[in-house]
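Top to bottom, those sequences are chains L and B. Position 41 of the first sequence, counted from 1, bears residue number 860 in this note's numbering, the numbering being contiguous throughout. Position 90 of the second sequence, counted from 1, bears residue number 92 in this note's numbering, the numbering being contiguous throughout.
Calculated directly from the structure, the hints in this document are not laboratory data. Treat the hints loosely; a few may be bogus.
What the hints assert, rightly or not - Which bits of chain B does chain L cover? Going by a derived footprint, with three or more residues having C-beta under 8 Å, they are:
1) 39 to 51
2) 112 to 121
3) 141 to 154
In this text the structure is predicted, and so the values were computed from the model without any measurement. Here a beta-carbon is modelled for each residue, glycine too, at the ideal position from N, C-alpha and C.
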Amino acid sequence: MAEEKKNWMNSINARQVIFAAVFIVTIVPILFPLNLPLVISKTTIQYYDTVQKLKSGNTVIFVWNQGTAQFGEMGPPGIAQLQQLMDIPGVKVVVISTGAESPGLFESNLWPAIDPKGKEYGKDWVNLGYIPGGETAIAALATDTWSLVKVDWKGTPISQLPVMEGFKSGADIALIVGNQPSSGEEWQRQFQNKFKTPIVWACVSAGYTTALMFVNSGQLSGILNSLRGGAELELLIKKPGRGVSAMDAMSNLHLLVLATIVASNIIYFKNRGGKKK
Amino acid sequence: MNPNWSLIVPVLLTIGIYTLLVKETKIYRFIEHLFVGTTMGYTLVVAIRTINTTGVAQVAAGNYFYLLAFVLGILIFARFFGTTYSWLNRYPVSVLVGSAIGVTFRGLPEQTFISQLRATFLPLIGAADPMTSFNNIVIFVSFFFSLLYFSYTITNRPGRLGKIPNIGRYFLMLYFGALYGNVIIQRAAMFIPRIQFLILDFLRL
Chain L
820 MAEEKKNWMN
830 SINARQVIFA
840 AVFIVTIVPI
850 LFPLNLPLVI
860 SKTTIQYYDT
870 VQKLKSGNTV
880 IFVWNQGTAQ
890 FGEMGPPGIA
900 QLQQLMDIPG
910 VKVVVISTGA
920 ESPGLFESNL
930 WPAIDPKGKE
940 YGKDWVNLGY
950 IPGGETAIAA
960 LATDTWSLVK
970 VDWKGTPISQ
980 LPVMEGFKSG
990 ADIALIVGNQ
1000 PSSGEEWQRQ
1010 FQNKFKTPIV
1020 WACVSAGYTT
1030 ALMFVNSGQL
1040 SGILNSLRGG
1050 AELELLIKKP
1060 GRGVSAMDAM
1070 SNLHLLVLAT
1080 IVASNIIYFK
1090 NRGGKKK
Chain B
3 MNPNWSLIVP
13 VLLTIGIYTL
23 LVKETKIYRF
33 IEHLFVGTTM
43 GYTLVVAIRT
53 INTTGVAQVA
63 AGNYFYLLAF
73 VLGILIFARF
83 FGTTYSWLNR
93 YPVSVLVGSA
103 IGVTFRGLPE
113 QTFISQLRAT
123 FLPLIGAADP
133 MTSFNNIVIF
143 VSFFFSLLYF
153 SYTITNRPGR
163 LGKIPNIGRY
173 FLMLYFGALY
183 GNVIIQRAAM
193 FIPRIQFLIL
203 DFLRL
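Generate coordinates for the entire structure from the input sequences, incorporating the hints supplied.
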């Protein structure tokens, strides 16, 4: 019996122990929130302030380029980003995706979580859906929008949508709000360089370090660091959601990663010392 | 506890995917293939829909210029018809590559080079406040030594001079550390919403 138990113990490797620990430190704060304080980053404040400067009548492009695999991470920031735009009276929003998966995800998962604050489809906002062609299409969009886009995502001709009267080229756009894995370099090249259009962006955490250099150079006016940035924006717009509720688990996970790094270094140096002897 | 049974399919798929943490199972493989297949199917439908709205509808409306795009699009498949016709594939590829390079190159020098240089050479002394001056010095010094690290003429010099570029290596390591930290945030940010889904949406705890 004792030998059986020993074999079972031996079959467990360090990876599985770490996975189990990850599950525990994530589940516990979701069940019993710790409500740890959340410090709002400078880049999120820059993001929020830039969007708040919008005035009634301004047209904004909301770039939604996430697939289903990224929705867990980038969904909460996307919801907070779009909600902030909907909260500003008179601001018109044009939703655009350059990824095929994104418009469907927008309709099924993002838009249902938004309070439109009385904004009407076609008059105050529109979803143009998937625009293929990558940067070439973005360049055409900036030069002559109506020659590139003929119908919206639902198939309605854009000539029948009053919101599109204010969007004939990149010069009509007051701000670009983006949510895609990278830092939107193609939008910087085609809009920011040419029309000096301010751009604010939400990117995945792995792209945040790179995106920071575009903030320092003024090419991006503010950025959100994935779920963490989304949680910060939820606090700023006073609509705490899934982002904020995830932050306790996020803090715990980071502490666990730090602990594993320290522990593995101690084990490494101990073993190395042993070998030297 | 009052589970929301309408979510049972995504719940089973989520749990099935995480069986990989124990070992690679057939359930994991099945769900992985299901995800890839569903995504491909959906993308294909969207692509056909887009061809209809942006291409077929335009030709039907009398804009025959769009036929050129159809011809080029069909020629992409020429590579599957042996050496006799495969050379025709080069024309659409050339158009795609040429237009993409042309469009990108228009903004590339300003976006990736000039703007970044402008943001690097900032006043080292006499900035708005001492902290800004300090930050500007850090940016310049890290830029200078990181660049020097890739200057192989100096790196290969014998003696102390050859060790100067190694300072750049430490700045690069700091960058990689920050990058790794953010990768950890990303992995956590992908995992936590799944657990939230299981606990808050399905179990409704």
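- Violations among the numbered hints, reported as their numbers in ascending order: Hint check: 3 fails alone, others pass.
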